[in-house]
Amino acid sequence: MRYLVRLLFVATFFISAKVFAQSQAEIKAVLDTNKIQIGEQIKFDLSISTELGKESVFPIIKDSIGPFEIVDSSEMDSLVIDERIIKKQSFVITKFDTGQYVLPPLKFEIEDDIKFSKPTMVDVISPELDIDNGQVKLRENRDIIDEPYTFIEILPYVLLGIIIIFIVYLIIRYMMKNREVKPKIVIKKPAHIIALERLKELDEKKLLTEGLFKQYYSELTDILRIFFEERFFFSAMELTSYEIISYFDKSGIHEGVISKDYLETLRELLSISDLVKFARAISTHDQAEKFRVYVEELIVETKFIEAENER
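Read in order, the letters of the sequence shown correspond to residues -21 to -1, 1 to 290 in mature numbering (1 follows the signal peptide of the UniProt record, and there is no 0).
Read the hints as simulated data drawn from the structure, not as lab findings. Don't take every hint at face value.
As the list claims (entries may be wrong) - Label-pair restraints from in silico Cβ distances:
{"hint": "1", "residue 1": "S69", "residue 2": "V36", "range": "26 to 34 Å"}
{"hint": "2", "residue 1": "P84", "residue 2": "G140", "range": "43 to 51 Å"}
{"hint": "3", "residue 1": "K193", "residue 2": "R246", "range": "43 to 51 Å"}
{"hint": "4", "residue 1": "E48", "residue 2": "P106", "range": "16 to 24 Å"}
{"hint": "5", "residue 1": "V36", "residue 2": "I150", "range": "34 to 42 Å"}
{"hint": "6", "residue 1": "Q266", "residue 2": "S230", "range": "40 to 48 Å"}
{"hint": "7", "residue 1": "M216", "residue 2": "E176", "range": "14 to 22 Å"}
Where is the CB? At the ideal position from N, CA and C, for every residue including glycine.
Based on the sequences and whatever the hints tell you, model everything.
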């Protein structure tokens, strides 16, 4: 009976110890070696094992671990084994000064508890030398490690490239802008051709058929005024009807160009047009048609006379 009690006690003790051990967090900080030469790289594995369901926070490690520089690091990895979650991360570290250095304890947070890894001593020594025939030789030759370029190192070359591209752009733009441009030859229609085309457009509007005498006379006299400006080179559009007649009388342009009969008809047209536009008189359809024929004859007659004079 006593034997069974003792056996039960021992079994209970070991089971309790195992359960207690499983509930505890286990932190490991393992180095490849505790002795290196200057600049030699060693691997440092860091891990924490906790009961499944417990939250743990890894220490924040950036560019260095204590006095050691980090050359490379892996992503943090997690795996589950025997109802325990293991988080681990590996680092490649180095040191460029001789001496004894301590890899410091690293802080882990496990829910409401805080634990630290064990510190580790590392000896950093100078390279061993071989003396051969009075000459000192390094025992080992190591390859030079090419470090990747940083953004700050590349930036000047990037800016230089942008400046060169911008200068080339300005040169090309300047050359394109100052390149000889051949002037476009614009053939302007003769004044009488333009005036006759406008008369046809006026006919197509059929203003007289709709009884729009005011608009009809306004457009008819505008066609004639523009023709005068382009043929006789005076501002007919800015002058009153009286001033236009006076201009022809005083300048003598009509002599040999516009007959007295045409000039009298012009005087009548401008007068009737003003009266109709200001609603002081009413024009008939036949009268308006007569003035339309007169304007066309005047344009054609003037054109023929000028062509003859030019010959």
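Here's how the hints hold up against the structure:
1. S69 with V36: 26 to 34 Å: violated (18 Å)
2. P84 with G140: 43 to 51 Å: Roughly 48 Å apart at Cβ, these two residues keep to the hinted range, so it holds.
3. K193 with R246: 43 to 51 Å: At 20 Å between Cβs, range violated.
4. E48 with P106: 16 to 24 Å: Taking Cβ atoms as reference, E48 and P106 lie about 18 Å apart, which means the hint holds.
5. V36 with I150: 34 to 42 Å: For V36 and I150 the Cβ distance comes to about 59 Å; the hint is violated.
6. Q266 with S230: 40 to 48 Å: Between Q266 and S230, where Cβ atoms are some 29 Å apart, the hint is violated.
7. M216 with E176: 14 to 22 Å: holds (18 Å)
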